[in-house]
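Trainee: Protein chains in written order, with the numbering used here: chain R, 46 to 196; chain E, 46 to 392.
These are computed hints drawn from the structure, not numbers from a lab. By construction, the Cβ of each residue, glycine as well, lies at the ideal position given by its N, Cα and C atoms. Where hints are given, some of them may not hold.
Here are a few chain R residues that face chain E, going by a calculated C-beta distance under 10 Å [said to hold, decoys possible]:
| no. | residue |
| --- | --- |
| 1 | Leu170 |
| 2 | Pro187 |
| 3 | Glu191 |
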Amino acid sequence: MGPPRSLRSLPPEGAPDGFGRPGATGMLDGPAGPDLLQAVARLLRDTLLPQLPPHAAFQARVAANALDLAAREWQLAPAAQAAAQARLRGLLGQDGPAQALEAELCRRIADGRVAADDPALLQHLWTGTLDRLAIDQPAYAPYRHEIAAKE
Amino acid sequence: MSEDFRALNEALGRLLPRLLPGCDGIAGLQRLSAGATLQTWAFDAVGAGAPQPLILRRSPGGLRGAESLPLADEAALLRALAAGSPSLQPVLAEVLHVATPDDGLGDGFIMRRVAGETIPRKIQRDAAFAAARPQLVGQLGAALAAIHRADPATLPALPRRGLQATLDKLQARCESLARPNPVFAYALRWLQQHRPDPAGERLALVHGDYRLGNVIVDDGGLAAVLDWEIAHLGDPAEDLAWLCLPPWRFGRIGQPVAGLGPREQLFQAYQAAGGGPVDAARVRWWQAAGSLRWGLGCAGMREWFDSGRDPSVERAMIARRVSENEIDLLRLIAPRRDAQALWPEAA
Numbered sequence: 046m047g048p049p050r051s052l053r054s055l056p057p058e059g060a061p062d063g064f065g066r067p068g069a070t071g072m073l074d075g076p077a078g079p080d081l082l083q084a085v086a087r088l089l090r091d092t093l094l095p096q097l098p099p100h101a102a103f104q105a106r107v108a109a110n111a112l113d114l115a116a117r118e119w120q121l122a123p124a125a126q127a128a129a130q131a132r133l134r135g136l137l138g139q140d141g142p143a144q145a146l147e148a149e150l151c152r153r154i155a156d157g158r159v160a161a162d163d164p165a166l167l168q169h170l171w172t173g174t175l176d177r178l179a180i181d182q183p184a185y186a187p188y189r190h191e192i193a194a195k196e
Numbered sequence: 046m047s048e049d050f051r052a053l054n055e056a057l058g059r060l061l062p063r064l065l066p067g068c069d070g071i072a073g074l075q076r077l078s079a080g081a082t083l084q085t086w087a088f089d090a091v092g093a094g095a096p097q098p099l100i101l102r103r104s105p106g107g108l109r110g111a112e113s114l115p116l117a118d119e120a121a122l123l124r125a126l127a128a129g130s131p132s133l134q135p136v137l138a139e140v141l142h143v144a145t146p147d148d149g150l151g152d153g154f155i156m157r158r159v160a161g162e163t164i165p166r167k168i169q170r171d172a173a174f175a176a177a178r179p180q181l182v183g184q185l186g187a188a189l190a191a192i193h194r195a196d197p198a199t200l201p202a203l204p205r206r207g208l209q210a211t212l213d214k215l216q217a218r219c220e221s222l223a224r225p226n227p228v229f230a231y232a233l234r235w236l237q238q239h240r241p242d243p244a245g246e247r248l249a250l251v252h253g254d255y256r257l258g259n260v261i262v263d264d265g266g267l268a269a270v271l272d273w274e275i276a277h278l279g280d281p282a283e284d285l286a287w288l289c290l291p292p293w294r295f296g297r298i299g300q301p302v303a304g305l306g307p308r309e310q311l312f313q314a315y316q317a318a319g320g321g322p323v324d325a326a327r328v329r330w331w332q333a334a335g336s337l338r339w340g341l342g343c344a345g346m347r348e349w350f351d352s353g354r355d356p357s358v359e360r361a362m363i364a365r366r367v368s369e370n371e372i373d374l375l376r377l378i379a380p381r382r383d384a385q386a387l388w389p390e391a392a
């Protein structure tokens, strides 16, 4: 395990002012939630984990990863969800709760009403997947590979 | 030290002297795997002579995944294979005992502990396995051929899950997802439209989870094939594809077979060991089916977590691996046109 990945380099675009952004917590005092989560993750990894027997150390590592994930979600999810909603509105020509739109898209894929090579469909599937991976598993090798190819 | 540990330690201490002559107790009981539903424990039988390294596989509450064989059936399969497949016997751990209700162990069985490493990244990267690595892809292919050659008539009754049954099951699981998943819907449609001809299907023993992590490797290479809990009768191409699934490359995505080598090497070793001809298009179909299956498996962990069936952090974090399978599916069946294909997953 390398040093904990910092959230400071991640773009805060789309998040409400100060939301989850280290050093800019609006009406709240700092450190912000994501920084607290990362501090606990560091405590688990650097201080507690080396003192634990193997099985407990494994669980502590998983717990630290979970805290990092929650911190990334806090920071990245609002913009990703808003963008997904906008793509779905354009793709389907209708509005509604995100989950209802996703369900409608699944129906249209299943019965062929949207073509497998529809560029807007592929754009939505790829962007949504990459946005989820940025939160869930940014170290996953195929994701790193696709991001490198994109840049 | 937990109550669970103490009870298990006592139960094994009572049982082992009845199983092994000269044994008067056990030592070094240690939990290896984290799963709340399936536990793996290591311990030594001690007494006269050298300590005997053993493993207990155990399911205390009996709660298991829907596809899993009961542990007693898994043990029966291991015994049948050891007796009937001489080429496979060297890579099977010997089953010593299947737990009875009197043992106080829950469902489970005890087998010999094979020395070596299971952790994929160590096998792929540590100097200790430098000599083993060049052998591994070939050994994995040859052992898989031996598995697929096993005569189903000599095996305990196993579930039958061929191509169409797998596809039907994937569809049912896609339709019951908590979050509707358009990438999975897209993959399902692709699988339906590209389904290989079921007429060419030969149902064979399929391991079902044949990958790095479920094998033991020592400095000579493949030492044991473990974790037979989702063995079934199915399409042999399923195992060939599963071994190449991107998550089981553990970071080395440019080496399709377990992050260790090219598919051609696997297919050649498999055919040379009598596994029969390999249809690469069929294996590719099963890779897509495999990514969808593992993706649905990850998604299903959310329900285990939310319902309290397994509220562990580990379970929760597997649920957040759904998107890994989304990108694997898209790279395979809908590669981005704007991205330069540095490694052609779609080829």
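Trainee: Hints first: check each against the structure and report whether it holds.
Mentor: Hint check:
At about 5 Å, the closest approach between the beta carbon of R/Leu170 and any beta carbon in chain E falls short of 10 Å, and the interface hint on this residue holds. The beta carbon of R/Pro187 is positioned within 10 Å of a beta carbon in chain E (closest approach about 5 Å), and the interface hint is therefore held. Contact between R/Glu191 and chain E, as hinted, is supported at the beta carbon level, the nearest pair being about 6 Å apart and thus within 10 Å.
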